[in-house]
Amino acid sequence: MVRKFTTAAAVLALASTALAGDRDHWAFQSIVRTTIAGPANESPIDLLVQAQLDEAGFTPSQQAAPHVLLRRLHLDLTGLLPTFREIEAWEKSWAADPEKAYSELVERLLASPHFGERWARPWLDLARYADSDGYLGDTVREWAWVYRDWVIDAINRDQPYDQFSIEQLAGDLLPNATQSQKIATGFHRNNLKNTEAGSDLELNRTKQIVDRVATTGTTWLGLTIACAECHDHKHDPISQREYYQLYAFFNNTNDADISVRIEEEWMAYEAKLNTWEAKLKTLLAAVPPRNPASKNSSTAAFWKPLAPDKVEAAGTDLTIQEDGSVLASGKVPSTVSYFVESPVEQTRTITGFRLDAFGNFGEGQTKGETVGRGKSGEFNLSMFFPDLIVDGKAHRLKLKSAKATHFDEGKGSAVSETILPTNNGWRITTEAYQNHSIVFELEKPETIPAGSRLKFSLGHKTGPGDSLRHFQLLTTDKAGPFTPPSEAIDPDFVKARLLVEKHLNPPTKPPTKGQTLVERGSKDRRNSFIHVRGDYTRDGGAVTPGTPAVLNPLASKTPNRLDLAHWLFDERNPLTARVAVNQIWQELFGIGIVPTPDDFGTYGEDPTHPELLDWLASEFRDNGWSRKKLIREIVHSKTYRQSSVNTHPEESNDLLWRQNSFRLTADLVRDAHLTASGLFSPKIGGPGIRPPIPEFMTAVGRSVKWPVSEGTEKYRRGMYIVLKRTVIYPMLTAFDAPDTSVSCSRREQTNTPMQALTLLNDPVFFECAETLGRSVLKSHGKQIEPAIRDLFSRCLNRPPTSGELDSLKSAHRDFLESAKSEEMAMIATTRVILNLDEFISRD
Amino acid sequence: MASRRRFLSNGIGTLALASMLRDEGLLGAESFTRPPHFAPKAKRCIYLFMEGGPSQMDLFDPKPKLNEMDGQAMPESLLEGVKFSFTNKESARLLGSPRTFKKHGQCGMDMSDLLPNLSRHADDIALIRSMHGDQFNHLPGQLLMLSGSPLRGAPTLGSWLNYGLGSDSSELPGYVVMTTLGRGLPGGAASWSSGFLPSNYSGALFRNEGSPVLNLENPAGISPDMQARTISAVNELNRQRFSGVKHPEIESRIKNYELAYRMQSAAPDLIDLSGESKSTIEAYGLNRQDKTGFQASFARNCLLARRLVERGTRFVTLFLSTWDQHSKLDSALATNTQISDLPVAALLQDLKERGLLDETLVVWGGEFGRTPLGENRTGFKTVTGRDHHPYSFSMWMAGGGVKGGQTIGTTDEIGWGVEDEPVHVHDLHATILRLFGFDHKELTYRFRGRDFRLTDVHGEVVEKLIA
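So the sequence lines, in the order shown, correspond to chains A and B.
Just so we're aligned: the first sequence equals residues -8 to 834 in this note's numbering.
Just so we're aligned: the second sequence equals residues 95 to 561 in this note's numbering.
If you're looking for bench data, these hints aren't it; they were derived computationally from the structure.
Here a beta-carbon is modelled for each residue, glycine too, at the ideal position from N, C-alpha and C.
Be aware that a few hints might be false.
[Stated by the list, open to error] No farther apart than 20 Å at their CA atoms in a straight line, the calculated lysine to any residue pairs in the SDA-like style are these:
no. : chain 1 : residue 1 : chain 2 : residue 2
1   : B       : K385      : A       : G128
2   : B       : K422      : A       : K769
3   : A       : K91       : A       : E77
4   : A       : K705      : A       : Q740
5   : A       : K493      : A       : V699
6   : B       : K340      : A       : N651
7   : B       : K340      : A       : Q633
8   : B       : K340      : A       : E642
9   : B       : K446      : B       : S371
10  : B       : K340      : A       : G581
11  : A       : K493      : A       : N351
12  : A       : K272      : A       : K358
13  : A       : K800      : B       : E330
14  : B       : K422      : A       : L194
15  : A       : K769      : B       : G315
16  : B       : K385      : B       : R333
17  : B       : K535      : B       : G260
18  : B       : K497      : B       : E453
19  : B       : K340      : A       : I582
20  : B       : K385      : A       : F687
21  : A       : K389      : A       : S448
22  : B       : K340      : A       : T50
23  : B       : K385      : A       : G676
24  : B       : K385      : A       : M688
25  : B       : K422      : A       : V718
26  : A       : K800      : B       : E453
27  : B       : K197      : B       : A186
28  : A       : K295      : A       : Q312
29  : A       : K620      : A       : D67
30  : A       : K493      : A       : L264
31  : B       : K422      : A       : H522
[As the list claims (entries may be wrong)] Covered, in the sense of this in silico footprint (three residues per stretch, anywhere, with C-beta under 8 Å from a C-beta of chain A), are these stretches of chain B:
no. : stretch
32  : 188 to 197
33  : 290 to 297
34  : 300 to 309
Using the sequences provided together with the hints, build the complete structure.
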């Protein structure tokens, strides 16, 4: 072994002797593209890997079997298992021409819209993407997904990595920034945010900036810059001053939520709008003329309207109109009493009262008005008390009977037309757009003296909101009994007009917003200074934006965030390209060329293939920062295509004498279940989903709202599960999904009994087993061998070995004996396959 | 095969089936252990990890001179030979402790008024006041304390012990980790990682709310027999895969399926506290109700730790975050001790009463301590906290063959540096391994061509700690 091993302990030994802040460290040196000597048809990747293998005396592995390659490419490029049909097509094309088949498959997968999803996920880990603020409040970020979808789309359209990055760091500062560029700038809105009342606002703000600096360092520079927050970096050449110079770039932004027009949503909205307009037109055309004989002659002149001078109601506004009617406006209280007072100008006798409640149908697109203020325009008058006030003393006037034009069955017991006002009330709900009246006859005629006052108490006690909207009170001196005036309206008109009324609200415009940052204006700048010991209240001297001296110089004298973003992509920047290709390599080999993707500093591990790292970095730059081109190049290499079989278990695979085999990430474990079972819903983007979670997570008192997604929504990819920071979906956590509190450049790979329990017993995974088991039973009936072959193809994308067939047949026999049900036996057999290590592995 | 089916159809219970499968080698129990080098005193360990760095001079190491000099600059005489890492000598001011200390137990151990319950166990405790390390920041400090290396990638203590001794429980993980509700852990899984050891030696993180372990029940329609048969089939097929591709992770997965199966029957019993007496619940303080729920959460973890070691779990780590009091030290420390003092004392008492303490090592400590200097803001009156301090800090151990009732090591008058009997983190690790019967230089694992050990190339056993 020629290569120096960079194990943790070796690095420790190295670090303890190395000078802190070693400027000669490899990662700070320029990227050097090695001239590669070798046959032109050989991939430079292979030549560089081979050179190191030769030196160490290793032979590379054979190309993996075709079915392994198919599955590997599917998982690496789209994260989805191949379908039954795709497997068949692959086998055929492979038999005809393996090279052509391979290239075609790579092209098809690179062009798949699921490519963007697969490659967005690790980026979202870096962006510490989540759908809530975190901390105690953990408010949901309703629009976080707009940024997530931007990432998926940018990767799908292979936006060059430099632009992709610049837009995320400073899209708002680009000339004539587009909506898409502003959404991209939401990268730095994904950090935790403490909105708890009473917390130190400036402390919270500085904490967010600190996180933005750290995340920028991890994501683009592969440096643990955050270590220099409180003091000079312990082992990398970054001073505390330089840290705050970086901090200064981010110190002058405001969070902003901007309205965004998402084409898909907008198209859906416009389609809805068109349908709505067309329907309205039809509905309007169907309205017949209102019955001309609508005026009732019994609204005889003997009813005299009162002229109130005082109205009162708690929680809403009553105003007296010119004609003496009373109009309620403003807030709608749940229950309310109206008090109406009217002066008596000359002594007279009265025999009864009339209450008119006004409604009216609208015309054309003008909305009508309802009699009541309830949700459906209803009112429910539950009390009606007239009082006569003489010399400041009130006495109640007794009523003999009441009769209404119309009443509806209301709350409580039914109201009779003849019974005096009771607590049950007079309720109108079905004919809410027309006028209604109720007449009351006094027990005996009353003389009301001049100078006295009439006071009416109109109670609405049932709620919610079912109070009168517009009404008028009248008196008469004619002897009873009275008949309330009624409007004769053509019922067809009513029916048709009601349909119009219900359809008058146009569909609402999509309320979608983008979370972004905007630079503060020139009058509103914050000064940046060194925070002594990381304490923002301790000014350790002013700083202006700047970059660490150990890296390439910054051209501008007064740089802003956009200059910082451009600086990352300066040809002389030694880190950005290396860090980026390392991230991509890590996805395709399970481990980066630099195994510590977040630390290219002196405490990080050295690259296993320094020349290859530089070659890839310069290649990435030279190909126009095309992610797809780079991935195409890597997956075509022999190095990538090697078998992962561990033929020398005692040997480390640092030098890549084989491919690595690794467990699928949490999201992909879910996706594999969904695709294999056929439950998978391929919808891309949009608001997140909420699969069922254990009850205790949303128990009363935690006030966590988790409305479980309905229909096919709940079968969408794992990456769409709402990431509520305090309630991360447990299956994701069990399989090492990051907690989203900080930027994550590499997921842990644990292997725990809890993962086994999840795969065995999690309700979603069991549903997948049930669905797939039933479907296989339907196709193959009692023929177990074809059923097993089918299951293998769907889940492992290969035929079973005879040993595997025997094992599963035997297990199936035992299941049948235990379960006494063909269906359950097949489900149990399916469940075995869904629990295999291979099923959740990428070989 | 025929005999298994016969048993199945005869309705033999799941446990019988499981043991039979094991006999057939289908559910192979962990049997690979390394012979100890010494007669072990400790068999199990409960590690109470007080993340953030508890302030030793407010809890365990009274410094009257420091109190006297409160608000003054460090005197030149004391500055001599003292290494500052990043504190400004000019602006640094000493910060006294408002705590009152008393001597406790027959041994007369110093503990502050914040530890009214723990102090009753002074005679069981070996207090080390001369701990020191070399990592200033939390994560490297935590990794050093837990794995002997400040970098990710090394196995943690619990992994080493399970690797060395195997698990005493075939039904529960040999290494269990619990964090306190709402008070997570910055280091995440690195703090219980098995590093380069096989991944089945890593800590199993139990959830800190609701059920500590989810998915313990079989889905509807899957009988216990079918579940057992499922596991045996899964592992049979996984073994076939392993024989072909030889990925070591498959072996870990096989073991985890066996363990998962047994956990299904053992874990519900473990986490069901209904059998605990009212007095036990009260002693641990499970019934305490603070607004945040932290108190009850940590108390429950302590009780679960006892139940785990009772059932053979080798190593339990309870994390309590955070003791990182750069400011508001007095009130925050009081909050932390309100959460922890009662349950920790109850744990010691409970272990003792059940005769478990002799074989159960209890370790208490953080990744470092705190400075005698206050973190000065805009003048002495607003100094409310202390900074990280790896040069000298306090930890304690009890049970598991530790000689209790003694205080090891001294620090200087203001508590800046260690004066006598320094105990480095590596020394502590060497001693812990010795208590479990291992020579820390001999417990090794070959990885990438080198024999690695917990103490790297360091570590001296502190003989005085051993009974």
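Status of each hint after checking the structure:
1. B:K385 / A:G128: This hinted pair holds, its Cα atoms lying about 14 Å apart.
2. B:K422 / A:K769: This hinted pair is violated, its Cα atoms lying about 67 Å apart.
3. A:K91 / A:E77: Holds: K91 (chain A) and E77 (chain A) sit about 15 Å apart, inside 20 Å.
4. A:K705 / A:Q740: 26 Å, violated
5. A:K493 / A:V699: 30 Å, violated
6. B:K340 / A:N651: 12 Å, holds
7. B:K340 / A:Q633: 15 Å, holds
8. B:K340 / A:E642: The hint holds at about 12 Å.
9. B:K446 / B:S371: 17 Å, holds
10. B:K340 / A:G581: 17 Å, holds
11. A:K493 / A:N351: 14 Å, holds
12. A:K272 / A:K358: Given pair K272 (chain A), K358 (chain A) holds - Cα atoms ~15 Å apart, limit 20 Å.
13. A:K800 / B:E330: Satisfied, since the Cα-Cα distance of roughly 12 Å is no more than 20 Å.
14. B:K422 / A:L194: 15 Å, holds
15. A:K769 / B:G315: Answer holds: K769 (chain A) to G315 (chain B) is near 19 Å, not above 20 Å.
16. B:K385 / B:R333: With Cα atoms ~50 Å apart, K385 (chain B) and R333 (chain B) exceed 20 Å; violated.
17. B:K535 / B:G260: 19 Å, holds
18. B:K497 / B:E453: This hinted pair holds, its Cα atoms lying about 12 Å apart.
19. B:K340 / A:I582: 19 Å, holds
20. B:K385 / A:F687: 18 Å, holds
21. A:K389 / A:S448: Measuring from Cα to Cα gives roughly 13 Å; hence the hint holds.
22. B:K340 / A:T50: 18 Å, holds
23. B:K385 / A:G676: 39 Å, violated
24. B:K385 / A:M688: 18 Å, holds
25. B:K422 / A:V718: Measuring from Cα to Cα gives roughly 29 Å; hence the hint is violated.
26. A:K800 / B:E453: 48 Å, violated
27. B:K197 / B:A186: 31 Å, violated
28. A:K295 / A:Q312: Given that 20 Å is the threshold and the Cα spacing comes to 16 Å, the pair holds.
29. A:K620 / A:D67: 15 Å, holds
30. A:K493 / A:L264: 15 Å, holds
31. B:K422 / A:H522: 19 Å, holds
32. 188 to 197: violated (count 0)
33. 290 to 297: holds (count 4)
34. 300 to 309: holds (count 7)
In the structure shown, a violation is registered for the earlier hints numbered 2, 4, 5, 16, 23, 25, 26, 27 and 32, in ascending order.
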